[in-house]
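Between the sequences and the hints, there should be enough to build the whole structure, so can you do that?
Protein chains in written order, with this note's numbering: chain H, 1 to 336; chain Z, 337 to 585.
Just to be clear, a hint being listed does not mean it is correct.
[Claimed, not checked] In silico lysine-lysine, DSS-like type, Cα no more than 30 Å apart, as pairs:
(1) H:Lys13 <-> Z:Lys519
(2) Z:Lys482 <-> H:Lys53
(3) Z:Lys519 <-> H:Lys20
(4) Z:Lys460 <-> Z:Lys482
[What the hints assert, rightly or not] The following label-pair restraints were derived from C-beta to C-beta distances:
(5) Z:Arg448 <-> H:Pro39: 45 to 51 Å
(6) H:Gly222 <-> Z:Ala467: 20 to 26 Å
(7) Z:Ser570 <-> H:Met126: 54 to 60 Å
(8) H:Gly222 <-> Z:Asn398: 26 to 32 Å
Since the hints were derived computationally from the structure, they do not count as laboratory data.
Note that beta-carbon positions come from the ideal geometry of N, C-alpha and C, so glycine has one too.
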Amino acid sequence: MDNEKKNQSLFLKLIPYLDKYGILILLLLMILALHLMQPDVFLSWRNVTNVFKQISWQSMLALGVFMVIVTAGIDLSVGSIMMLSLMLLAIVAKAGMPWYIVVLVPMLAGLLCGMFNGLGITLLRMPHPFIMTLGTLYIFRGAGNLVSGGVPISGFTEEVRYLGHGRIDLTWLGLEESQYLPVSLVLIAIVYFIFWIFMNHTRIGKWIYAIGGNPNAARASGINVNKILVIVYSLCGFLSGIGALILAGRADSGYPNAGLQAELDAIAACIIGGASFFGGRGTVLGVFAGVMIMGILRNGLNLMDVSAFWQQVLIGTIIVIAVYIDVLRKDFGTRK
Amino acid sequence: MSSPKHIVLEAKNISKYFGTITALENVNLTVREGECLGVVGDNGAGKTTLMKVLSGLYKPSNGSLFFNGNKQILNSPKDSQNLGLEMVYQDLALAGNLPIGENIFLGREPTRNFGFLKLLDYKKIKALSEAHLDKLKINVKSANQKVEELSGGQRQAIAIARATAFNSKIVIMDEPTAALAIKEVGKVLDLINNLKKMGVSVIIISHRMDDIFAVCDRVMAIFQGTNFAESELSNTARDEVIGWIMGKK
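In C-alpha cells form, the structure reads like this:
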C-alpha cells in the first residue's frame, strides 16, 4: 500500500517533465525503433538529410500555425497562402526580375495574406478565426489560380532555389562529397531558434501565451489584444511565404496543387507536439518534435514499403493518442 | 480614527445616463488614506457602474473626480492606474497557464537588454514578485507556480497582489469573497487588513455583511442610483445596513 502511494507520487512528480519532454522521448523511441528495423538505411547521412528536406516547408507552416493555436485560434489558410505566394514568386521570376526581388515577393505576399486574416478576424469581429481562415483558404487559392491561369510555371534560377535546394559542402571537414548539409536544414534551425526566443523571451511572446490563457486578463493588463492577434496571423502568413520560397527551390516550379491540405498537416504537427486547442499551451520545441515525428513516420514507412494508406491511419492514430495523453495530464496536473 | 487622514479619492455629484436610463444620480463618495469603504446595494442599484466610473471605464455624464484633491478626467482605465487606482475584477483576470510572477507583471514585464534585443528578465520577475508576496504575507510555494494550480482563495490573493504591485494607493474589489470556500474568506480578509496597514485605501463591493463588518471602517449604501445612507461602521448594525440595501431607514 505504502509502495503504491510512493509510486503514485513519483508519477505525479514526473508529470511536469513528461509534459515538457515527453514528446521528445517519443521521438527518440521512434528513431530507435526505425533504426533497429532499418539499420543500414534509416540513420544514413543520405536518409537523414532527406527527412529534413522533406519536412522543410511543412515545418515553416507548422510553426506559424502553432503561434496561432497558442492564442486559441486556428489558421486554415496556410496551405493556400503558400500556394498564392509560390505563384506570385513564379510569375515574378518568369518576368525576369532580379533574384533578390523574386525571393522577397513570397515573404511579402505571405505577410500581407496573414495580415488580411488578422485584420478580418479583429475588425470584422468574426465569431471564430476558423471562419475567416476557412474563407481565405478558398480566396487565396482562387487568387493563386487567377494570377497564374491555373497552370504550373517552372524553372527558377539557382539563387531563388538556394533555400530549398542549396547544399553546404562539408568536404573541408574530411567528409565525402555526398555528405553535404542541406541549406533548408540550417534554415529550419535558425528560424526555429529565432521563434523560440520570440515566444519565450520577449514581451510579445509572453502576451501571446497570456491571450491564449485568458484574453480578458490580457485586456485588463493593458495589452492590445487585437494588435497582437494581427501580428500573430501576419507572422504565420510570413512563415507560409518562407515555406513557398523553400518549396520553389525543391520543386523548381509553381504548381496549382502546392500546399493542398498542408494546413491539416501543420495543425496535426502542432497537436502531436503538445499544443492545446484551448490556447496558451505548447512549445516551439514541441512543434519541432511534432513535425519530425510526422516526417520520420512517413519516411520510415516508405523505407519499409508500407502503403501510404497505412501512413494515414497511423498519423491519425498518433494525433488521437497525443491528445488523449494531454487529457490525462490535465486530469492529474491541474486543480478543478 | 483620531485625526482624520487626508482624502485620496473624492467623487462629487456623479451622474451617469445610458440613453434614457438613469444609472447614477448625483452620487458622492469619499475615501481616506488607509481606509476601507464598503459599498452595498441591491442588484442593479448602480454599485458596479459607480466603480466603472471611478476606474475610468465609463465617463460620467455629470460630476467630477478628485484624486488627492486634484480634479482629473479619466479617458481609460490606464489613466486611473497611473493615478494609483487599481481594480480587482470579479473574474480575477488572471491567465491560468502562466506562473504567478508573470501574472503579477503581465503587461508590465521588466526586460533586460541583450544587444539590440529586449528580453524578459525572469530573475527580476521572480524576485520582485516573491518580495511583494512576502510583504502581503501571501504564502505560495514559489512565484514560478502556475496560477491554474492554485485554489480559489489563493487566486484571489494573487489578483489582489497584482493590483497592488505597482504602488497603487486605492484598490477597488468587486465581491472579493464570492465563490470562495469559507476557510479561504478569512485569508482574503486578512490580506485586506494588511493593505490598510500599508496605507492603501480599499473600496469593497459586497453582499456579505460578514465581510463588510470584518474589514470596513465605513459603509455607504446606494439605492436606485442615489446615495441612500452612509455611516461609520461603529455607529451602525448589521440589520440596519441590510435595511438600507432594501431601501428602508
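How the hints compare with the structure:
Proximity of H:Lys13 to Z:Lys519 is assessed by CA-CA distance (about 28 Å); at most 30 Å being required, the pair is judged to hold. Proposed proximity of Z:Lys482 and H:Lys53 is contradicted: the alpha carbons are some 38 Å apart, above 30 Å. About 34 Å separates the Cα atoms of Z:Lys519 and H:Lys20, which puts this hinted pair outside 30 Å; it is violated. Annotation: proposed proximity of Z:Lys460 to Z:Lys482 holds, straight-line Cα distance about 17 Å (limit 30 Å).
Distance hint check: the CB atoms of Z:Arg448 and H:Pro39 are about 48 Å apart, consistent with the given range 45 to 51 Å. With their beta carbons about 23 Å apart, H:Gly222 and Z:Ala467 fall inside the hinted range of 20 to 26 Å. In this structure the hint that Z:Ser570 and H:Met126 lie 54 to 60 Å apart at CB holds, the actual value being about 56 Å. Remark: the range hint 26 to 32 Å for H:Gly222 to Z:Asn398 is upheld by a beta-carbon distance near 28 Å.
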